[in-house]
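A.B. asks: Can you build the whole structure from these sequences, using the hints too?
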Amino acid sequence: MNFYSPAAHILPAVEAQPARLELRDLRKKLGDTAAVNGIDLKVAPGESVVLLGPSGCGKTTTLRMVAGFLQPEGGEIHLDGKLASSASFALPPEKRHLGMVFQTYAVWPHKTVADNVGYGLVVAGKKRAEIDREVAAVLELVQLGDLAKRYPSELSGGQQQRVALARALATKPTLLLLDEPLSNLDASLRQEMRFELRALQKRIGITTLYVTHDQDEALVLADRVVVMNKGRIEQVGTPEQVYRTPASRFVGNFVGTANLLEGTIVTVDRAAGRVSVALDAGDITTARASAGWLATAAPGKRATLLLRPEDIRFDRPEKPDQQTGLDVRFVSAAFLGSRYELQLTAKDTPLRMQSRTPGSFTDGRVRLWFRPDSAWVVA
Amino acid sequence: MGGGMSSATLFTEDPRNVSDSPALLQRLSGIQPVKLLVIGFAIVVLLALIAYPLALLIGYSLIDAQGNLAFDTFEKAFNRRGMWAATVNSTVLVGLVTAGACALGIPLAWIVARTDAPGKILVTLAAGISFVIPSFISVVSWIFLAAPNSGYLNKLAVEYLGFTQAPFNIMSFGGLVFIEIIGVYPLVFFAVSAALHNVDASNEQAARVLGAGRLRTTLTITLPLVRPAILSAIILVMLDALSSFGAPAAIGTMANFSVITTKIYDLLKFPPQFNYAAAVAMPIMVVTAVSLLIQKYAVRAENFRTLTGKASSEQITTLGRWRWLAAGFCIVVVFATAVLPVGALLLLSVLSSFGADITLSNLVTKHYALIFDADFVARGSIINSLLLALATATVCAGLGLVLGWVVERVKFIGREAITFLVMIAYGFPSIAYAVGILMGYVNLFYGTLTLILIAYAGKLLPIAFVLVRNGIQQLSTDLEEAARISGAGWLRSVRDVTFPLVRGAVGVAWVLVFSLSLRELSMSAILSQADTQVMPTVVIQFIEDGAIELAAALSVVIVTVSLSILGLIRFFSRKKTAVVS
Ligand SMILES: Nc1ncnc2c1ncn2[C@@H]1O[C@H](COP(=O)(O)OP(=O)(O)O)[C@@H](O)[C@H]1O
Ligand SMILES: [Mg+2]
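These protein sequences, in sequence, are chains H and Y.
Following this note's numbering, the numbering of the first sequence begins with 1 at its first residue and continues without gaps.
Following this note's numbering, the numbering of the second sequence begins with 1001 at its first residue and continues without gaps.
It should be emphasised that the hints constitute simulated quantities derived from the structure, not laboratory data.
C-beta: ideal position from N, C-alpha, C; glycine also.
Hints are not guaranteed to be accurate.
[Said to hold, decoys possible] Calculated pairs, DSS-like style, for lysine-lysine (alpha carbon to alpha carbon, straight line, at most 30 Å):
| id | chain 1 | residue 1 | chain 2 | residue 2 |
| --- | --- | --- | --- | --- |
| 1 | Y | 1035 | H | 126 |
| 2 | Y | 1411 | H | 230 |
| 3 | H | 127 | H | 149 |
[Said to hold, decoys possible] Estimated spans, in silico, between C-beta atoms of each pair:
| id | chain 1 | residue 1 | chain 2 | residue 2 | range |
| --- | --- | --- | --- | --- | --- |
| 4 | Y | 1223 | H | 76 | 57 to 67 Å |
| 5 | H | 154 | Y | 1194 | 51 to 61 Å |
| 6 | H | 240 | Y | 1503 | 11 to 21 Å |
| 7 | H | 202 | Y | 1570 | 15 to 25 Å |
| 8 | Y | 1476 | H | 322 | 51 to 61 Å |
| 9 | H | 54 | Y | 1564 | 51 to 61 Å |
| 10 | Y | 1499 | H | 76 | 53 to 63 Å |
| 11 | Y | 1570 | H | 81 | 13 to 23 Å |
C.D. replies: Below you can see the structure in the form of structure tokens.
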């Protein structure tokens, strides 16, 4: 059964289709902290945007403002181009036509699965037969078809999670909000649900704003990742962009594991978007950099390079650009099944690398090489 | 909170919302008439029930009989004949009862929670029964058992055990102390045994692993961990003893002594001297306030170690030879606090007359017949009591629901004040509270059940409030918010989600308040008139008139109805649905 037909709900495709959700300079204080401190963001219809950041960076606060449970102190929230929240106006949550999945699931324990899922339809005043039909369809969608008559207490955590999702989808909202929906599941189920959620989102084409502090989850689920820190946005980009070309040290460190190597610029090639850097640790390498940074870069200035653990190798590449090899000392190693995780130091700079092989060290030392074109200047 | 708050922005959706930058549109969009109306109504009722009588009480203690401001009211009141003796009696009573309740309750709790003594379960049962029976009913039982001459235990002792004179005399100050101890020791017992159950075994095991012996572990780890529970229970017991009225009134009349509460009662007899009564109530109120503050700051501060866990078998001490001594202690307590009083009450209620030999031919039902006789005062009191209990329970459960919800879910300036007011009513001695109600509402509701209902509702509201509020606290706000997101407005989300989920707590509150209303004596004694007698006041009347068999029969009715209603709790607390996160 094709439950979802988003075309029927999304506004007719006009030339300049308004953003499904737009945040303009959004601000909110909680207690003394500026929980959200000036956020701008546009989410296009059908897009999946993930707010990613450490705990306490203001993700939940942002999401709750979008839902209408919190009123911003500054800035505006627009839904489909219409004002929904500002410091002086707040559309009540029930008038926003959103779907929301809570971290605690918030599945009502006194209602059966079917009643939970059908609640929004009942409130909307739909007819019984229609409700039954739609509930059955959406339960099918989340693979809970045969549990409709159960009470939540008779379900596992993962099943409750699906009920919460089904309930959020039942009213066919065009914007779905999810606040760390997977954080209460055990690790393996969490992994599985990530992919399932992603597939579902793609299939029904629903606009999604998803909050998480788990970078793997963010990378799987996002069309665009919004990395947040201390109430502000650090970077917005595709998963590849935030992982490969982080805008700041913070993003580099938060999304994946980062090796940061300091050095001095030797040459600048603005046309190719590259610099070559003499590392303090004793090697020289080329690195990509953003245009903005390149504009002010000059030989002799300092630069910080980011290298991912998987981009560091024991083998000398065919064309080792300018590298002569980085001399490192062995600290410790762990075998993780599919790879080895090594801790090394290059002249006091700690370094982590991943490798298929444990490497062969002589006197605890070895020479390392970078995968060509993998180094990135973060600052 | 800033000073720029206006009434409309006091109410905001989210408990975390501490915004104080009002703008016209925000105010308009924030107003929800139904919500404001409900909240406003509840607050007005709260002020009328609690703040107003309290203010009157304090006011009256500061004026003389002509209504002029006078600061010598206290002096005059306490210089009245017998006032100092009554004060001393009250003080001694509180000291002895507290010591006795601890001496009984703490060892019993330890035996039940931590040893292998046989008969443990009986102790819990006995403590429960003892807790349910109000002290004025215990008086009836113990008159039967230990009245100076005709008490049956005394007869037994003289006739069969060779005593030359009666060994027991319940109609004495000592007798009063005994009855009060039996009535309040369950508070200590339940608090301490719950705390002992909750001490996680790992706390003690950690000490044992480090080399501490069993005794040392008990003294240095276990005892400090349950100290907050003991302190809380002691404060409750002290307040209970200080404000007790039933047993002192019944025994004091016969043994010719007074305590502060009975003095207050005397001051309200015709012609009532409100200002003196209010002044005499003041010390009780001050002690109560101080105790509650101690409870709040000292005990709570210690309570940071909130304990969780289950008593494990490793925590059970094997008593060995001492086991039977412990069992003996338990048996004595079970008999003295439950078996004997309940048995005595039942027996007395069917005995042809107090003092008659206990033979089958002397067992009659005429007392019950009289109790239910349409022309007799008792029947009217039963109907009044049931009506009042029904109304009080309903009013308290309803108000408790609204106030609990307001305090837990709406962020506004008066939130703390609501909690404070309600808890004041809890600590307020009943007798003093009744004086306040009398002063505040006697002109409006003289001689009506409404007057008594107001008093019951105000005094029992805290119980309903605390229970329902706890119920709401356990509901994650997400549950209501999920309803809002699904399209339900505020009222509908409360109706569809909040209310069904706290129905259990509301039901339990209703039942408890009902059962407590049935046995309320101190306020009823002051507020009821000829047409508005309730069961407890009639029991006291019977005792004073010497119709002790009728007192017993009516007491049996009170206890039976109370216990049956309390049985409903099982029904309310049965969980069909999920644990709520
Ligand atoms: N009720 C509150 N009072 C004061 N500060 C709060 C309150 N709730 C949250 N905060 C603070 O606001 C910031 C953002 O919180 P939140 O949005 O929940 O973060 P996240 O969801 O990203 O973990 C945090 O620093 C948090 O400590
Ligand atoms: Mg959060």
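A.B. asks: All the hints need checking, so say for each whether the structure fits it.
C.D. replies: Structure-based check of each hint:
Proximity of residue 1035 (chain Y) to residue 126 (chain H) is assessed by CA-CA distance (about 26 Å); at most 30 Å being required, the pair is judged to hold. The hinted pair formed by residue 1411 (chain Y) and residue 230 (chain H) meets the criterion: a straight-line CA distance of about 25 Å does not exceed 30 Å. Distance restraint check for residue 127 (chain H) and residue 149 (chain H): the Cα-Cα separation of roughly 19 Å lies within the 30 Å cut-off, and the hinted pair is therefore satisfied. A hinted range of 57 to 67 Å for the beta carbons of residue 1223 (chain Y) and residue 76 (chain H) is consistent with their spacing of about 60 Å.
The hint said 51 to 61 Å for the Cβ distance between residue 154 (chain H) and residue 1194 (chain Y), and at roughly 30 Å that hint is violated. Residue 240 (chain H) and residue 1503 (chain Y) have their C-beta atoms about 52 Å apart, which leaves the hinted 11 to 21 Å range violated. For the pair residue 202 (chain H) and residue 1570 (chain Y), the supplied restraint of 15 to 25 Å is violated, since their beta-carbon distance comes to about 51 Å. Our hint of 51 to 61 Å for residue 1476 (chain Y) and residue 322 (chain H) holds, since their Cβ atoms are close to 58 Å apart.
Separated by about 57 Å at the C-beta atoms, residue 54 (chain H) and residue 1564 (chain Y) satisfy the suggested range of 51 to 61 Å. Separated by about 35 Å at the C-beta atoms, residue 1499 (chain Y) and residue 76 (chain H) break the suggested range of 53 to 63 Å. As the Cβ distance of residue 1570 (chain Y) to residue 81 (chain H) is approximately 57 Å, the hint placing it in 13 to 23 Å is violated.
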